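**Student:** Below are the chains, spelled out letter by letter.
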Amino acid sequence: MKEWMRVLRNGLSLENPLTVLMIGLCSTLAVSTKLEGAFFMGIGVIFVLVMSNVLIAAVRKFTPDEVRIPIFIVIIASFVTIVDLVMKAYLPSVYSFLGVWIPLIVVNCIVLGRAEAFAYHNTVWLSVADGIGMGLGYTVIIAGLAAFRELFGSGQLQFLGATLVTMPAFYRPPNILLLFPGAFILFGLIIAGSQALNRRIAAKDAAQAASLKEAV
Amino acid sequence: MLRLYMRLGIPVLVVCIVAAAGLGVTYAMTKDKIAAQDREAKAKSLRIVLGRAKSFVELDAKKDAVVYEKATAAAVDVRVDGLFRALDGTGAQVGWGLLVAPRGYGGPISMAVGVDRNGKVTGATIASMNETPGLGTKVITQKDWLPRFSGLDTSAGTESVRKIDTIMGATKSSRGVRKGVGAAAAIYTDVLKSLEGGSGQ
Chain A
1 MKEWMRVLRN
11 GLSLENPLTV
21 LMIGLCSTLA
31 VSTKLEGAFF
41 MGIGVIFVLV
51 MSNVLIAAVR
61 KFTPDEVRIP
71 IFIVIIASFV
81 TIVDLVMKAY
91 LPSVYSFLGV
101 WIPLIVVNCI
111 VLGRAEAFAY
121 HNTVWLSVAD
131 GIGMGLGYTV
141 IIAGLAAFRE
151 LFGSGQLQFL
161 GATLVTMPAF
171 YRPPNILLLF
181 PGAFILFGLI
191 IAGSQALNRR
201 IAAKDAAQAA
211 SLKEAV
Chain B
217 MLRLYMRLGI
227 PVLVVCIVAA
237 AGLGVTYAMT
247 KDKIAAQDRE
257 AKAKSLRIVL
267 GRAKSFVELD
277 AKKDAVVYEK
287 ATAAAVDVRV
297 DGLFRALDGT
307 GAQVGWGLLV
317 APRGYGGPIS
327 MAVGVDRNGK
337 VTGATIASMN
347 ETPGLGTKVI
357 TQKDWLPRFS
367 GLDTSAGTES
377 VRKIDTIMGA
387 TKSSRGVRKG
397 VGAAAAIYTD
407 VLKSLEGGSG
417 Q
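These protein sequence lines map, in sequence, to chains A and B. Residues 1 to 216, numbered by the working numbering, are exactly what the first sequence covers, in order. Residues 217 to 417, numbered by the working numbering, are exactly what the second sequence covers, in order.
No wet-lab data here; the hints were simulated from the structure. Among the hints, a few may not be true.
What the hints assert, rightly or not - With a Cα cut of at most 20 Å, we get these calculated EDC-like pairs of lysine to aspartate or glutamate:
hint: 1; chain 1: B; residue 1: Lys336; chain 2: B; residue 2: Asp406
hint: 2; chain 1: B; residue 1: Lys409; chain 2: B; residue 2: Asp254
hint: 3; chain 1: A; residue 1: Lys88; chain 2: B; residue 2: Asp254
hint: 4; chain 1: B; residue 1: Lys388; chain 2: B; residue 2: Asp293
hint: 5; chain 1: B; residue 1: Lys286; chain 2: B; residue 2: Asp304
hint: 6; chain 1: B; residue 1: Lys247; chain 2: A; residue 2: Asp84
hint: 7; chain 1: B; residue 1: Lys409; chain 2: B; residue 2: Asp248
hint: 8; chain 1: A; residue 1: Lys88; chain 2: B; residue 2: Asp297
hint: 9; chain 1: B; residue 1: Lys409; chain 2: B; residue 2: Glu256
hint: 10; chain 1: B; residue 1: Lys336; chain 2: B; residue 2: Asp280
hint: 11; chain 1: A; residue 1: Lys213; chain 2: A; residue 2: Glu3
hint: 12; chain 1: B; residue 1: Lys249; chain 2: A; residue 2: Glu3
hint: 13; chain 1: A; residue 1: Lys88; chain 2: B; residue 2: Asp248
hint: 14; chain 1: B; residue 1: Lys270; chain 2: B; residue 2: Asp248
hint: 15; chain 1: B; residue 1: Lys409; chain 2: B; residue 2: Glu375
hint: 16; chain 1: B; residue 1: Lys286; chain 2: B; residue 2: Glu375
hint: 17; chain 1: A; residue 1: Lys88; chain 2: B; residue 2: Glu256
hint: 18; chain 1: B; residue 1: Lys278; chain 2: B; residue 2: Asp297
Claimed, not checked - Derived list of chain A stretches under chain B, where covered just means 3 residues or more per stretch with a C-beta under 8 Å from a C-beta of chain B:
hint: 19; segment: 60 to 66
hint: 20; segment: 75 to 89
hint: 21; segment: 167 to 179
hint: 22; segment: 184 to 197
Predicted model only: the values in this text are computed from it and were never measured. C-beta atoms are modelled at their ideal positions from N, C-alpha and C, and glycine is treated no differently.
My request is simple: use the sequences and hints to build the entire structure.
**Tutor:** Structure below.
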């Protein structure tokens, strides 16, 4: 269980796919203009990541090394298609906002990257933790970035048709926040912040390991 | 050699079969809901441009293939997504609803245009687009711009929209929208007008 929690935490902090591994960035910059869209993009990625991690870990013993990539891709593409169909049927407004980014989850570096780097070499149970951790790590960053860009870039924050926050009338939203340069600048700040946080976590881990050694 | 093919091929084959089965089930479960959402989305934008109509009947893609063919030719490089007869409560035709998708700056702009039986544009609306936030999106956020198309005479076809100015800072996007209405006008004057219920009272 301890190992499970460690894997889960790594996805969120020390090995966060966006701020540390820096993979899956194109969708992050593109769909983080609206909280609602970014949130459901995150949910879609979590679903695909967990399900494909589980399946790939489950069949890893029967997967010949030479053809593992086509097998990964078929599994991942199937789950993405499920997300695509379900979202189209039940969340049409979110679906039309996300557009091509839903099918593009198939080639999202995080999903294939975790299949190759983690699920293929680990148990099903640990792969679940990795899927949830990485998925949440992605969702937290993208939703946070989107909330900031939407609130300060458009002057109000909406979710599923409800307006959560509106900026006072004198506030003139700077356009740059909704454009790509704004996303780059904000994302750079997020990386800096999470690096500082990760350094603390790593230092705490090291101190813990040292005291454990002493006790032995 | 054959054994090698089997060893590599069979796992891939099995995965594909299982995936196909899973997708088949998901598709069957969501098919009707997706079709309903699609119809609802189309009807919603058509109601905006032709509020007088109570129902919209789409021209059948197979039965009216010739109409669609001619419409596509009239629209030149604007995509035609659907042609609808607009009917009032009694079933009498009050005009036409057209779904067109001209190219904007960030890809196609899906829009609906309504034309009444006198050949006047009753309205134009944008269902979905991918224009630059804050710049191209002015075609929607500049509230007095889209209504300018209402009442436009379609008799000059694609040239009908000439007198509507584009928006500064959203030149490509507003030119796209203008082209969409122009294409709708051309489809009406070249094709729909001569169809039954197309013009005159």
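**Student:** Does the structure break any of the earlier hints, and which numbers would those be?
**Tutor:** Per hint list: 2, 5, 7, 9, 10, 12, 14 and 22 violated.
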